[in-house]
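Colleague: Below, each chain spelled out in residue letters.
There are 4 protein chains.
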Amino acid sequence: MTTICFIGLGHMGNPMVRNLLKAGHTVKVFDVVPEAMQALKSEGAIPATSPQDAAKEASLIFTMLQTGEQVLKTCLGEQGIFTQLASSALYIDSSSIEIKATQQLHQEAKQRKLGMLDAPVSGGVAGAEAATLTIMVGGEEKDFEQAKPTLELLGKKIVYAGPGGNGQAAKICNNLILGISMIAVCEGFSLAEKLGLDLKKFFEISSNASGQCWSMTHYCPAPGIIDKAPSNQAYQPGFMAKMMLKDLRLAQHAAEQTQALIPLGAEAAELYSLFISQGNGELDFSAIMKFIKGLK
Amino acid sequence: MTTICFIGLGHMGNPMVRNLLKAGHTVKVFDVVPEAMQALKSEGAIPATSPQDAAKEASLIFTMLQTGEQVLKTCLGEQGIFTQLASSALYIDSSSIEIKATQQLHQEAKQRKLGMLDAPVSGGVAGAEAATLTIMVGGEEKDFEQAKPTLELLGKKIVYAGPGGNGQAAKICNNLILGISMIAVCEGFSLAEKLGLDLKKFFEISSNASGQCWSMTHYCPAPGIIDKAPSNQAYQPGFMAKMMLKDLRLAQHAAEQTQALIPLGAEAAELYSLFISQGNGELDFSAIMKFIKGLK
Amino acid sequence: MTTICFIGLGHMGNPMVRNLLKAGHTVKVFDVVPEAMQALKSEGAIPATSPQDAAKEASLIFTMLQTGEQVLKTCLGEQGIFTQLASSALYIDSSSIEIKATQQLHQEAKQRKLGMLDAPVSGGVAGAEAATLTIMVGGEEKDFEQAKPTLELLGKKIVYAGPGGNGQAAKICNNLILGISMIAVCEGFSLAEKLGLDLKKFFEISSNASGQCWSMTHYCPAPGIIDKAPSNQAYQPGFMAKMMLKDLRLAQHAAEQTQALIPLGAEAAELYSLFISQGNGELDFSAIMKFIKGLK
Amino acid sequence: MTTICFIGLGHMGNPMVRNLLKAGHTVKVFDVVPEAMQALKSEGAIPATSPQDAAKEASLIFTMLQTGEQVLKTCLGEQGIFTQLASSALYIDSSSIEIKATQQLHQEAKQRKLGMLDAPVSGGVAGAEAATLTIMVGGEEKDFEQAKPTLELLGKKIVYAGPGGNGQAAKICNNLILGISMIAVCEGFSLAEKLGLDLKKFFEISSNASGQCWSMTHYCPAPGIIDKAPSNQAYQPGFMAKMMLKDLRLAQHAAEQTQALIPLGAEAAELYSLFISQGNGELDFSAIMKFIKGLK
Chain A
11 MTTICFIGLG HMGNPMVRNL LKAGHTVKVF DVVPEAMQAL KSEGAIPATS PQDAAKEASL
71 IFTMLQTGEQ VLKTCLGEQG IFTQLASSAL YIDSSSIEIK ATQQLHQEAK QRKLGMLDAP
131 VSGGVAGAEA ATLTIMVGGE EKDFEQAKPT LELLGKKIVY AGPGGNGQAA KICNNLILGI
191 SMIAVCEGFS LAEKLGLDLK KFFEISSNAS GQCWSMTHYC PAPGIIDKAP SNQAYQPGFM
251 AKMMLKDLRL AQHAAEQTQA LIPLGAEAAE LYSLFISQGN GELDFSAIMK FIKGLK
Chain B
11 MTTICFIGLG HMGNPMVRNL LKAGHTVKVF DVVPEAMQAL KSEGAIPATS PQDAAKEASL
71 IFTMLQTGEQ VLKTCLGEQG IFTQLASSAL YIDSSSIEIK ATQQLHQEAK QRKLGMLDAP
131 VSGGVAGAEA ATLTIMVGGE EKDFEQAKPT LELLGKKIVY AGPGGNGQAA KICNNLILGI
191 SMIAVCEGFS LAEKLGLDLK KFFEISSNAS GQCWSMTHYC PAPGIIDKAP SNQAYQPGFM
251 AKMMLKDLRL AQHAAEQTQA LIPLGAEAAE LYSLFISQGN GELDFSAIMK FIKGLK
Chain C
11 MTTICFIGLG HMGNPMVRNL LKAGHTVKVF DVVPEAMQAL KSEGAIPATS PQDAAKEASL
71 IFTMLQTGEQ VLKTCLGEQG IFTQLASSAL YIDSSSIEIK ATQQLHQEAK QRKLGMLDAP
131 VSGGVAGAEA ATLTIMVGGE EKDFEQAKPT LELLGKKIVY AGPGGNGQAA KICNNLILGI
191 SMIAVCEGFS LAEKLGLDLK KFFEISSNAS GQCWSMTHYC PAPGIIDKAP SNQAYQPGFM
251 AKMMLKDLRL AQHAAEQTQA LIPLGAEAAE LYSLFISQGN GELDFSAIMK FIKGLK
Chain D
11 MTTICFIGLG HMGNPMVRNL LKAGHTVKVF DVVPEAMQAL KSEGAIPATS PQDAAKEASL
71 IFTMLQTGEQ VLKTCLGEQG IFTQLASSAL YIDSSSIEIK ATQQLHQEAK QRKLGMLDAP
131 VSGGVAGAEA ATLTIMVGGE EKDFEQAKPT LELLGKKIVY AGPGGNGQAA KICNNLILGI
191 SMIAVCEGFS LAEKLGLDLK KFFEISSNAS GQCWSMTHYC PAPGIIDKAP SNQAYQPGFM
251 AKMMLKDLRL AQHAAEQTQA LIPLGAEAAE LYSLFISQGN GELDFSAIMK FIKGLK
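Residue numbers (this note's numbering), protein chains in the order written: chain A, 11 to 306; chain B, 11 to 306; chain C, 11 to 306; chain D, 11 to 306.
Do not rely on the hints blindly, as some may be mistaken.
Claimed, not checked - SDA-like cross-link-like pairs, simulated, lysine to any residue; straight-line CA separation at most 20 Å:
hint: 1; chain 1: C; residue 1: K110; chain 2: B; residue 2: L82
hint: 2; chain 1: A; residue 1: K256; chain 2: D; residue 2: K300
hint: 3; chain 1: A; residue 1: K110; chain 2: D; residue 2: K300
hint: 4; chain 1: C; residue 1: K204; chain 2: A; residue 2: K303
hint: 5; chain 1: D; residue 1: K252; chain 2: B; residue 2: L305
hint: 6; chain 1: D; residue 1: K300; chain 2: B; residue 2: L305
hint: 7; chain 1: A; residue 1: K300; chain 2: C; residue 2: G304
hint: 8; chain 1: B; residue 1: K83; chain 2: C; residue 2: G304
hint: 9; chain 1: B; residue 1: K83; chain 2: C; residue 2: K83
hint: 10; chain 1: B; residue 1: K204; chain 2: A; residue 2: Q117
hint: 11; chain 1: B; residue 1: K211; chain 2: A; residue 2: I168
hint: 12; chain 1: D; residue 1: K83; chain 2: A; residue 2: G87
hint: 13; chain 1: B; residue 1: K300; chain 2: A; residue 2: E266
hint: 14; chain 1: A; residue 1: K252; chain 2: C; residue 2: G304
hint: 15; chain 1: B; residue 1: K110; chain 2: A; residue 2: E203
hint: 16; chain 1: A; residue 1: K110; chain 2: B; residue 2: G206
hint: 17; chain 1: A; residue 1: K211; chain 2: B; residue 2: E203
hint: 18; chain 1: A; residue 1: K256; chain 2: D; residue 2: H263
hint: 19; chain 1: C; residue 1: K83; chain 2: B; residue 2: L82
hint: 20; chain 1: C; residue 1: K303; chain 2: D; residue 2: H263
hint: 21; chain 1: C; residue 1: K83; chain 2: B; residue 2: G206
hint: 22; chain 1: A; residue 1: K303; chain 2: C; residue 2: G289
hint: 23; chain 1: A; residue 1: K211; chain 2: B; residue 2: Y170
hint: 24; chain 1: B; residue 1: K252; chain 2: C; residue 2: L82
hint: 25; chain 1: A; residue 1: K83; chain 2: D; residue 2: K83
hint: 26; chain 1: D; residue 1: K210; chain 2: C; residue 2: V169
What the hints assert, rightly or not - FRET-style restraints, in silico, Cβ to Cβ:
hint: 27; chain 1: B; residue 1: E214; chain 2: A; residue 2: P233; range: 27 to 37 Å
hint: 28; chain 1: D; residue 1: L209; chain 2: B; residue 2: A140; range: 46 to 56 Å
hint: 29; chain 1: C; residue 1: D237; chain 2: A; residue 2: P233; range: 16 to 26 Å
No lab work stands behind these hints, which were simulated from the structure alone.
Quick reminder that beta carbons are idealized off the backbone N, C-alpha and C, glycines included.
Next up, chain A with everything else stripped away, as it sits in the complex:
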């Protein structure tokens, strides 16, 4: 079994580490919050004193952090882990971060002849716990093949998206479509209800017609349609509204950088912002249904 380094032990990192430990790996962990390390010690993880300490000697190094700035700081500079990695080591960033930051990391890794994959995940905390995440991976194909068996301990669908940066790109573009289509479904169901349609009837019609989308058929924001959807659990997440907003902001930054046009994406981001500004950021993102229905 390999020695794995895992930096970033939050809501997502914690269960991911547990899954690596379950499979028998040695996992050295680091987090700026000491309690987060302690919580995993009893499971068998080895707390480190710094990112560099965690990274040295590991053959696979994961980061699962919140922002591009955090990842850049962890990897680069004199205190960065890139100075510690063996040339045979493979660095995997599973954070969801700016395209620009990912590109910078790949470039630095290349210059140092380090292997690197960007491997953001989707599926939320539940997916991390159940090891059913979807993981979209960018980097060299041989590195992907090397990482795959380990990634399969963390998720169910491990997809190779292409060269470095394409993992982040795929996630951002997918979630751009998701964020918009979720509001589209909210608007359709809200209007349907006000026009006197029975919502189960409307679902039956539209899910078999050109309005069909994942937001409707797997995660319907109107209660009473899809049993397991957050709309039937008082909109407990699932995938928090503020995380969806984060991803839409990543899409906006990527669009700015590449001069792509995403007018509905921008509008969707504003709607989530308005919704969140009223204190709803930790509800599931499908709770924007309440906003569209005119409820406070």
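With chain A held as given, fit chains B, C and D onto it using these hints.
Modeller: Below, chains B, C and D without anything else, positioned relative to chain A:
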């Protein structure tokens, strides 16, 4: 075989009448354009001198017109066909019109004890020709049962949506979602391309993930993905951009009337308007991909 | 002194009639709410039994109603006042209504050789009471000259906008700009505050720079800047948010009819709708500042 | 006369340096493009070999660059000018950059006990040439007083906006309002024209009513109203559309950072992006009138 009256012989009405004739029905037809009637005479249709002339003695009366005003004018008033209908006759409006107009027609029909269904269709000219339309029907269930065998000559999926008006409502709400999600997919694919993703790869990922929607998997606006999609036929319709805009305007009017909120629907309508204002109204609605990609 | 007919005695009509009475005119009034007529009887107005009863024998006939449908119903048809007017009479509609309805009324008036002006007002209830309304007038110039002395009893700025319909058009286009620029000012001041600018300082800068607009310099939505602005009276109207939404909807309908593009107007309408959906319709329209600041 | 350092000799920097030279100052200049330095040599400027070379010994140091990244790189790090400045020197950044970058610079300056002002300008190339810029200044008041006489050589209106960062903040918030209200005016005039209003008449009405704004009364985007406006010079800038987009992006980033809500600002940014994507970035920003009128 019944005698059927069909008023409105445009792109949609013409092939619908042909399908009724093929099944052996007697069809009396009317259109304000005499040539439109002549074109169907050789197929066996019987031209009438007025809507009233076409409607009297028929047991099923169809209208397939462009606007609510046209339908109201055809049905109501001294010259309207409602004055001519036998109490056993059933009136079916297959036009896509304002909810308000549909509601007024149902009310007037009720007062006169006439049977009425609103039965807008989706599937476009190709669907009308191939008799593969989806038909969403509102009205009393017994009237639906009576009309069903005839509607099955015109379409493949005949759905009962509920009481009077619900056929229009279902179509409007479905197309609201469709109009938005189509642009969402354009934005996602355009951004993906600019970020260097292979679009086939991105399709493979997103169509199996939370971004999936009918606009992507059945009608992908990026060429090279779905063979039969208009994007692979130089965006020849299909479903014209100006017809999508019409449906989004119907959604806006319905939302105004019921105080529903459709912010992304409003934004999508503006984007189609901008696109159409540059001379693109008769392209397929998925051609808005070109606009999102920044092409003139 | 002339005999004037005034139909529609709501918040605006009531003070307008008082001003006409004060000037010594005989005013016959009608409203569907009997109490509204009684309230003016003691002031000297003469209640009528119907619109037709009010209109006959008057030389100037005003309507001040809420919707185009109400005005059309009052004027046209067998029960309409147009059947009662002398050819020397002049009909003035001061309601804010659809361009399409105004155009229809002008057309009908022309066919009957009746004089007509569309003369919507701005200035709100306070302006109506103080006779300081701005009145934008469309119609023939000679009719404008005839009406002017009377209109000057009601407002301070009486502007001739051009042929029939241009009064409504001018008001709609002005309020379109107003509705958008109000939100622009809210966004600018809200962002300025969050960035740590002193708002009085920012006002001093921007009101003397390219961001200057009436919404800022006469009606600033941030409290503490313009003494008399509703923002300093707990956002009591003034001009209600729901009335601004009505005007933006009129702009959207006019844009649809003429294929004009008003993307920011559409977006502003959606923002007012969202704001109103949370129970704020009767606050001043500048209260949308609260929504932009993220308050419930 | 003082020795002034000026780094960044583009469209804006060049005429600003000329104005400093005219007043008799010694100006040491630097630009990464050698030709830009040569062009000013004949006017009396002294070319430097590096930013550090330009900055040492100067008592006032200006930067006028395009992005926050460029300014950060010029000031900070081992090669940065902050290492060269005397404690009596005053650093002035006139670039329009990210709030975040400005804040970082002020912080670094403070730690090194250097005086610093952020002093972005508005007025464009014409204002720079004519020394009629508006300059919005953030920093300590004593530093403002020290810089004021020099700034008055460059602009006509020199405004103190408050503590460090407030100059940038004021400009960003002002231009946010400007960018939105310009499109508002385009929409109002375009709709007015389609409704048959004479535009001079509409201008007369709205410029005296609640729709009034600087974009209308000083810079009307409809030709034929304001003689000197770019709309009467085939939309030659003036202030380029792409520069307006840059400022709206700065506003979006500032809003993200502070969780401010700017939905219309976001929408306006998307509209300028769409307009620019069709090849119009170097036209004046008021040329978006063409887009709103539906022209390619």
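Colleague: Just pull the numbers of the violated hints for me, sorted ascending.
Modeller: 2, 3, 4, 8, 17, 21, 24 and 29
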